[in-house]
Amino acid sequence: MGILSILLVLFIVAVVAVWLYIVNQGNAELDFMLDQRTDFKLEEMSFNRAVFSCNVPFVNKGKQDGIIMDCFPRHQLPQEQFDAVELASRIELENKRRLDGYFESVIIPTKTGNSLIVTLIFTAKTGDIRQALAGMVDMSVDIIYQVYALSKWYIAKPRMVVKASEFTQALSTGVSEV
Amino acid sequence: MAKLELVAVKTRILTPDDDILDALEEYAKDKIGPGDVVSVAESVVAITQGRIIRPEELNPGFWACLLSRFFSTKGSLSNPAGMQAAMNLEGQWRIVAAFFIGMLCKLVGIKGVFYRLGGQQAPLIDDVTGTMPPFDKHIVYGPSDPQGVAEAIKKRLGCFGAAVADVNDLKRALIVGITDGVNEQELREILIDNPFGNASQKTPIVIVKNYADAVAKVQAKATV
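Sequences listed follow chains A and C, in order.
Using our numbering, the first residue of the first sequence is number 4, and each one after it goes up by one.
Using our numbering, the first residue of the second sequence is number 4, and each one after it goes up by one.
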């Protein structure tokens, strides 16, 4: 009985030690700072097409490196709400831009960050894009990302709200210099 | 006498629909001579063998979640999915046993025991981000029968020798399959600076030109 008790105590101590180790080890913790994003700027403009983009900074606040395995935008502009444009969107890393819509998985070391470029491409269904966007409404864009780190992978989708006035302002400012 | 020279051969992105021997013939045959050694990146061999899996297809169990916490976060086994992939290939209990024996050995200063006991696949698994798009979102296993692949390359291309190699920019060169007549240690040293380049360079084939001549020269010197 004495030996069994000792083994039981040792087992409990080992379990607690492993638990403390894992808690202390921590994990990656990605924070997309939507409240610090820039306003949308006009990147390109033609008669029937306007391309807007904004920067969204993010940081890995956790104690471990993490991987953003995938990241893409989901714009929420149903035709029931606004039917004058076709909308496409994409997300790129600021320091590794690409136009193919593919997000190459990337390691974000602990305590470091980067920035996403969220691009919205509006094409007028008929005629002038300026006229089409005149009746634009506020809309939401979900940033959907998949994290792969020390725990099982997970998907999150924080939402940013884009005011119609941002597009109006960007159109009046004109195409921004890169 | 011709000098030893490394020639990296660019290919398209090879996929599970490709045959590595056909790809070698397509991209490198006209560059390969009878005295050359052809080396191929192990991850590309594995991809052409279809030895890839998405983390979403794995369901890491208790042991995978626990043991992965004790591996360097720079390695491929530090994620539950990567660890589960190793367990699926080598057997859960083999990995668990290798872990505990490896840990005990480490306590007395003996390193590397886990990888010796955990099976050939454990050190060869490439985790997410470890390979070029579109395989950057996959776990890539080590190749199956790399020795057989090396021998098949030699036979098909009529070269002096062939090897399947795992080389990275951290000065790690591991030969996982090699034909007779090629010295593994020498080839490791030849490839140590990673002539395969990074993934985006798409050069998974490196031809060691004039290897046979260089060996003959060294042997002749040794006998004088």
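Heads up, a few of these hints could be off.
[To be verified] Cut-off 16 Å, straight-line C-alpha distance, at most; resulting in silico cross-link-like pairs (EDC-like, lysine to aspartate or glutamate):
no. : chain 1 : residue 1 : chain 2 : residue 2
1   : A       : K64       : A       : D86
2   : A       : K166      : A       : D68
3   : A       : K155      : A       : E47
4   : C       : K77       : A       : D68
5   : C       : K6        : C       : D25
6   : C       : K212      : C       : E8
7   : A       : K155      : C       : E60
8   : A       : K155      : A       : E89
9   : A       : K155      : C       : D25
Since the hints were made in silico from the structure, they are not lab data.
Hint check results:
1. Of the pairs offered as hints, the one joining K64 of chain A and D86 of chain A is violated, with about 40 Å between alpha carbons and a cut-off of 16 Å exceeded.
2. Restraint check for K166 of chain A and D68 of chain A: not satisfied, since their Cα atoms lie roughly 34 Å apart, outside the 16 Å limit.
3. Distance hint between K155 of chain A and E47 of chain A is unfulfilled; the C-alpha atoms sit about 40 Å from each other, more than 16 Å.
4. Restraint check: the Cα-Cα separation between K77 of chain C and D68 of chain A comes to about 9 Å, which is no more than 16 Å; the hinted pair holds.
5. Distance hint between K6 of chain C and D25 of chain C is unfulfilled; the C-alpha atoms sit about 28 Å from each other, more than 16 Å.
6. Proposed proximity of K212 of chain C and E8 of chain C is supported: the alpha carbons are some 5 Å apart, at most 16 Å.
7. For the hint linking K155 of chain A to E60 of chain C, the alpha-carbon distance of about 12 Å falls within 16 Å, and the restraint holds.
8. Of the pairs offered as hints, the one joining K155 of chain A and E89 of chain A is violated, with about 37 Å between alpha carbons and a cut-off of 16 Å exceeded.
9. Only pairs whose Cα atoms come within 16 Å are accepted, and K155 of chain A paired with D25 of chain C is rejected, the gap being roughly 38 Å.
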